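From first to last, the protein sequence lines are chains Z and P. Everything in the first sequence is counted per our numbering, starting at 15 for the first residue and increasing by one. Everything in the second sequence is counted per our numbering, starting at 91 for the first residue and increasing by one.
Among the hints, erroneous ones may be present.
Cut-off 30 Å, straight-line C-alpha distance, at most; resulting in silico cross-link-like pairs (DSS-like, lysine-lysine) [claimed, not checked]:
#1 Lys182(P) with Lys40(Z)
#2 Lys561(P) with Lys182(P)
#3 Lys174(P) with Lys99(P)
#4 Lys40(Z) with Lys98(Z)
#5 Lys561(P) with Lys89(Z)
#6 Lys89(Z) with Lys40(Z)
#7 Lys98(Z) with Lys561(P)
#8 Lys99(P) with Lys89(Z)
#9 Lys98(Z) with Lys95(P)
#10 Lys99(P) with Lys561(P)
#11 Lys99(P) with Lys40(Z)
Simulated from the structure, these hints should not be mistaken for laboratory data. Small disclaimer: the values here were computed from a predicted structure and weren't measured.
So you can see what is in the structure, the chains are spelled out below.
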Amino acid sequence: MSPPAPNSPSASSDVLRGTLDLLILKALSLAPMHGWAIGQRLEQLSRESLRVGQGSLYPALQRLEERGWVDSEWKATDQGRRAKYYELTPAGRRALGEEAESWRRYVEMVDLILRTT
Amino acid sequence: MRMAKRWRKRLRALVRRDAVDREMDEELAFHMEMETQQNLRAGMSPEEARRRAALAFGGVERFKEEVRDARSLGWVSGASLDLKLGLRMLAKYPGLTLVGGIAMAFAIAVGAATFELVAEVVHPRLPLPDGDRVVGIRILDAEAGRPEERVAGEFLAWRGELRTLDELGAFRGASRNLIVPGGSAEPVAVAEMTASGFRLAGSPPLLGRYLVDADEREGAPPVAVLDHRTWRTRFAGDPGVVGREVRLGGTVHTVVGVMPEDFGFPVSQGMWTPLRLGAREYPPGEGPRLRVFGRLAPGATLDAARAELSTLARRRAADSPETHRHLRPQVQPYARAVLDIHWRIVTGAAYSTNLGVLMFLVLVCANVAALVFARTAARESELVVRTALGASRRRIVLQLFLEALVLGSVAAVVGLAAAGFGLRWGLGAFETVQGEIPFWIDADLEPRTVLYTAVLALLAAGVAGVLPALKITGRGTEARLRQAGGGGGSARFGRLWTGIIMTQVALTAAFVPIVADVGMDTEDIRTADAGFRAEEYLSARLEVDRETVPGVPVEAPPEELDARLRAAYAEMERRLEAEPGVAGVTYAGQMPGAYHPRRPVEVDGPAAPPESEALHRVQAVSVAPDFFDVLGTPVLAGRGFVPGDLAAGQDVVVVNESFVREILGGGNPVGRRFRYPDPVKGDEPRVTAGEPDRWYEIVGVARDVTLTVDPDLPHNAGIYHPAAPGGGVPLRMAVHLRGVPLRMAVHLRGDPEAFAPRLRALAAAVDPTLRLHELRPVADAREAALVTYEFWVRVAGMACAVVLLLSVLGIHSIMAFTVSRRTREIGIRVALGADRRRIVAAVFSRSFRQVALGVGVGVLLLVVLTGGIHSMKMVGLLAASVAVMLGATAVACIVPTRRVLGIQPTEAMRADA
């Protein structure tokens, strides 16, 4: 529904939406964090090769919350600033496992095809 | 927990949209701030840092929209938008809103009121604690095939044994003279009831106490509890009424309490006294007629109670087979057991009425649908454009449905209020005619009726909104898109709608005269000539208490009752004749003007051919020998009655002029004979007279008085039989007159109603158990018929008005539609110099032909329904109907015609652009 905003600086590293959900879940699996930190975290984990457009990030978070995979809460940051923190729910944790598994199978399948032809 | 939290968030997102939006803003601001700070750390200037952050973010509003879309309840906000649109539409088309709303509200009101009545009658809910567990017990006499009501013996046995029922009790209804010292003596409906009835009903008394078990014991002082209405009307709401002594017939009772207004258990009555069955033995078929009630014990079911009673009945039948073998106790829901109603017929009638009303609602809604369609078609371009912009058909149908639902909801609210009002009025009218109605039937709308009304509103919205929407969004929208924007649009006012509207016109044309006819009947009743000076007479039905000993529910033998009634009447007559204001006293089985049943007669010798049936049907009534003298209706031929006619074997009668004309076909009737081939039917013995298969000789002809005032029963042929008050002396008369209500006509000089209190006082002085029922001027006998007629005239009149209104609007819709479709053509004609009047004629000719066809079909329908044109009145009614429909058409044409006359050529050009 919402591909990365066209003016996102790294349109080249577009991610499929389902994949973005998976990545967000993964990022949140370590600790609860706010939206901006999630973007930073993903950038850092991908060694700067992935910049998630905020235009995709927040709708994705909204969607995940709707689905009951993440939960949100307003808390103070280390600097004492109010921010909305997202956290994985147990259902989200289960989903992360399943999604990761199916992603791996998908990659293996694509890899297999690429290698045999 | 989480689930709940999620739903709470969704709800909040929907309801507190502003707060949620603010939160989103805050979250975004936070994000921008973090981004900016990072840019600053990277060494950018503050402006540059902010600019980059904003750039990285993209359009804020668009982003917010996307987040909102991600919320799964997005469609609800869409619907609430449609609701707003619906309200705006109501305001934008006030004519449609008003007319469609009124029509729907009327139909919904009729539907809701009917449902409420059907529900209360067929599935009554007792307004008592655990009301659905209150039951009644009846005993069926399997041999006689009828209920056995004299069940005191069984009741006393059950009282000691039944485990599945609590608060087992019994009551019987009786009419008693309530004589208030210093007040009047008037009959009151008394329930003699066991104290358990009060415990079962569970309402605390308003004043004093209610009955307790000790009151039922023999020798206990006689006490009475007052109904709220009796307390108000007969005791002027005296707060010190408790302790006052009143006479109930022959016995002095002490008032011990007053019940609150909403208390009416067991049915509806003015007073309660204890039911004293004493320590007597009551074999089946003896003792008072009782109704037995109780409440299912905690944990017990209806089936358990039935099983227990059957077991008891089998045991009793084994012990004494002669008296109990054929008795079958039946446990039923209370209302069913207590009311003597043929439940299957009532239920069937109730449901079919409800079905009819539902069809009326659908018809009305179909009409509103036609109106909505006409309007929707005018919005065609809007809808087509929306379709082009990607709105799905479902979305557009939903929007139109919600618009109709807004209208339907408003109509439902108005309709519910009207239903409550109408019920109150209808039940009041019913009570006037039929006497008090059971306490569980009231005009308050029950929750299930409100729910049903909501369903009706949905149904109404479905018919009025979805049908036009489906039609307008049907096939070919894309084709229309190509033309839309042009003045025309291309939706057709389809055959279906035209058909509906024309059916409507036809029905209206047939309906209006029928209602007018009933209205004229009402006027006929009001002004009918009684044939004597009815306004000078006061009448009352006389009864005496049936008990041998006051307060003991054992009835005296019929001979004793007859003698008592005769003695009371003779004494009344003696005292009344001594009254200066009284000109004469007489009696009859039924007073002229009130309903007299008809029975077939067979004439010995030549007679006029009967109209349709094999035998003539006439009204027969027993009267006093001096009846004609006192009523001032002279005997025109032969002789009147003499006291000797009362002797046995004197089978003489006097007939009226109508009898000679209608039955005998003229000639001298004196000496002619006739007989009744059939016995009197079950529901008529209280009024009619004459035995079957006995020849009666006509000795005289009396001048006509109108026996039954009813425009539907125009034939007035009547037979008078001589009878002594209460019967008795001649054995034949005794048989016939037992149970015949004795109506005494007091011929007064002056105002009859002013004499009523005096009459009551005289009666109470003659015999405290002598009751005067239906004390009213003889001229009022027609009131009962009038109330019923007026009720129907009003309901039918309103239905008629709604149907007429819809017809007007239906015709208007077609016309307006035609004009909007032909704007271009009209404009061109005007530009070419055509005469406007001819344009109007040309534009509307087709519609006029359709309306004329509708009216013609309606008139034809009416002629068929009423079996041909019989009278000038009928011709007049038909002419009036056509005139009304033409007037309606004219009214419907006003706006479209003005529109046609106002169309300018330039407009046509624009329409064609």
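Taking the hints in turn, this is what the structure says about them:
Straight-line distance between C-alpha atoms of Lys182(P) and Lys40(Z) comes to about 55 Å, which puts the hinted pair past the 30 Å bound. Distance restraint check for Lys561(P) and Lys182(P): the Cα-Cα separation of roughly 22 Å lies within the 30 Å cut-off, and the hinted pair is therefore satisfied. A distance of roughly 24 Å separates the Cα atoms of Lys174(P) and Lys99(P); the hinted pair therefore holds under the 30 Å criterion. Straight-line distance between C-alpha atoms of Lys40(Z) and Lys98(Z) comes to about 18 Å, which keeps the hinted pair within the 30 Å bound.
With a C-alpha separation of about 55 Å, the suggested pair Lys561(P) and Lys89(Z) falls outside the 30 Å cut-off, and the hint is violated. The hinted pair formed by Lys89(Z) and Lys40(Z) meets the criterion: a straight-line CA distance of about 21 Å does not exceed 30 Å. A hinted pair counts as satisfied when its Cα atoms are at most 30 Å apart, and Lys98(Z) with Lys561(P) does not qualify at roughly 50 Å. Distance hint between Lys99(P) and Lys89(Z) is fulfilled; the C-alpha atoms sit about 17 Å from each other, no more than 30 Å.
Restraint check for Lys98(Z) and Lys95(P): the C-alpha separation of about 16 Å stays at or below 30 Å, so the hint holds. A distance of roughly 39 Å separates the Cα atoms of Lys99(P) and Lys561(P); the hinted pair therefore is violated under the 30 Å criterion. For the hint pairing Lys99(P) with Lys40(Z), the CA-to-CA distance comes to about 24 Å; that is within 30 Å, so the pair holds.
In terms of the numbered hints stated before, the structure departs from hints 1, 5, 7, 10, listed from lowest to highest.
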